[in-house]
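Asker: Here's the letter readout for the chains.
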Amino acid sequence: MLRYTLRRLLGAIPTLFLVVVLAFLLVHAAPGGPFDDERALPDEIEANIAAAYHLDEPLPMQFVRYLKGVVQGDFGPSYSYRDYTVGELIGRSFPISLRLGILAMLLATAVGVSLGIVAALRKNSPVDTLVMGFAMTGISIPVFVIAPVLVLLFAVKLQWLPASWTGGEGGSRLLLPVLSLALPQVAYVARLTRASMIEVLASDFIRTARAQGLGTAAIVRYHALKPAMLPVLSYMGPAVAAVLTGSVVVEEIFGIPGLGQLFVRGSLNRDYTLVLGIVIFYAALIVMLNLAVDLLYAAIDPRIRRR
Amino acid sequence: MVSGSILAGIALLAIIGPWISPNEYLAADFENILRSPTLAAGHIFGTDQLGRDLFVRTMMGVQVTFVVAIVASVVSLVIGVLYGATAGFVGGRVDAVMMRLVDTLYAMPFIFFVILLLVVFERNFLLIFVAIGAINWLDMARIVRGQTLSLREREFVQAAQLIGVSTPKIILRHIAPNLIGVVIVYVTLTIPQAILIESFLSFLGLGVQEPQTSLGKLVNDGTRQMEGAAWMLLVPATLLATILLSFNFLGDGMRDLLDARQSR
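Taken in sequence, the protein lines are chains A and B. Quick note: the first sequence uses the working numbering, first residue 19, plus one each step. Quick note: the second sequence uses the working numbering, first residue 1018, plus one each step.
So here's chain A without its partners, still in its complex pose (with noise of 0.2 angstroms):
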């Protein structure tokens, strides 16, 4: 085990070099400098800006400094948000995008699994066509249709909750931005729940169990949930790089200042060095996710490290 997670740990470390040195010569690439202005500057003025921020340097000096930054945490000054650096901003509204992302997985997960389950023991009755119509449409609606929709219905007709972050208070400002990030992941896990639990449920050691006398609803707690769970695990690294793209768009609809919306800002302001850092911290937190996913896989089936 020690070793599968020592190697897993050194194969993310490409992957990470890949996603910062590609975002930067992507930004770097960019025609025009962030400070070119419809004002003509005195060379002066401009020359000591561009020192200031050290853009007067080689390339690959200014990457091997930008990269040192970020090993350290320090993702530079933010060009539009005057006063403030990347990392501030960053730190200031991930929390936020935090809590709503771990909401919604947690209700993604709870709902999906138990949808699965209910399907996957009334195979092809109405129930599971229900539910399983219900999957289908959830995967093909996406987060920005949804959250438009779910306000127009709760807050503007019937007017039971606040459409915006600032039109509310505690938990009530928070339940439909969840609703909207988690109902396509409850469809995901919902249809993978129903799939993997019906392959198990076929298998020799169920028989058994039930040859026993066992219960259906004891079969399915002690025999069958656990394998049956595998495949929802190892769709969970996607599920929060889904989440965490889908929160972009969730934040702009509902104004909630996390980071998502400061995402936005920055590239349609072209703060350059902000969307930078967003990026490659979007990037670090998906490839960390994936990896401990990965190992809670490898963990629980041993098959796995063999490989």
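Calculated directly from the structure, the hints in this document are not laboratory data. One or more of the hints may lead you astray.
Covered stretches of chain A, going by a simulated chain B footprint (3 or more residues, C-beta under 8 angstroms) [unchecked claim]:
(1) 30 to 39
(2) 123 to 136
(3) 161 to 168
Quick list of simulated restraints, FRET-style, between CB atoms [unchecked claim]:
(4) Leu1118(B) with Arg239(A): 35 to 45 angstroms
(5) Pro1228(B) with Leu59(A): 26 to 36 angstroms
(6) Thr234(A) with Val1107(B): 32 to 42 angstroms
(7) Leu73(A) with Asp1120(B): 32 to 42 angstroms
Even for Gly, the Cβ is constructed at its ideal location relative to N, Cα and C.
Given the structure of chain A, go ahead and fit chain B onto it with the hints provided.
Answerer: Coordinates of chain B only, in the frame set by chain A:
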């Protein structure tokens, strides 16, 4: 089959719809600003905040969406098939290195790179196609490689090698045509992904720019106006969901069909 006909119907409507509608794409009807759907002035889906006809705009949006989806899928198909077939056919160390690269790229969140690309360079239409295609080729490459590995051992390939046909020519003329069945199924599955990414970018204001429009952009416009004009959100949203649902059903069905043939 049903989803195929729905898609064909939507595509047909998108092509002839703007042509038969009494309203022009850019024309503003100042008498009917933010008009709810009505038969009176021919605004069967209503109008937007500038008095533009929503039916014509939606149909133009569908056209853009379909074009992006098809071009992006072709880009990913060409890259994926060539890459996968080369890796699978040449084999050995080349294969190992090429597939290792795919694995590394797989772990990267590409959507953020596309956004970065669009931020850094001018937002143009072509770039969106290429960017979306560039994300989607990884799956294709893996599947094609797997298929090529088995094709490589077949007699006709060995015969071609024996009479001295060059490797690039074998890949293009003998391997690629035999991959069509598998590839078509996976294209049906990449099309909805491409549509999803395009509308996601357009929704954020990073995709298609005015005066052009797409379904994602129309949903965004609708979100801004939904308190007074719910139809502006619901019309493009429903259409987008229907298109995606149909493609997913189609892809699933075709995959089942293919699996059945393989298992036989």
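Asker: Enumerate the violated hints, using their earlier numbering and listing them in ascending order.
Answerer: 2 and 6
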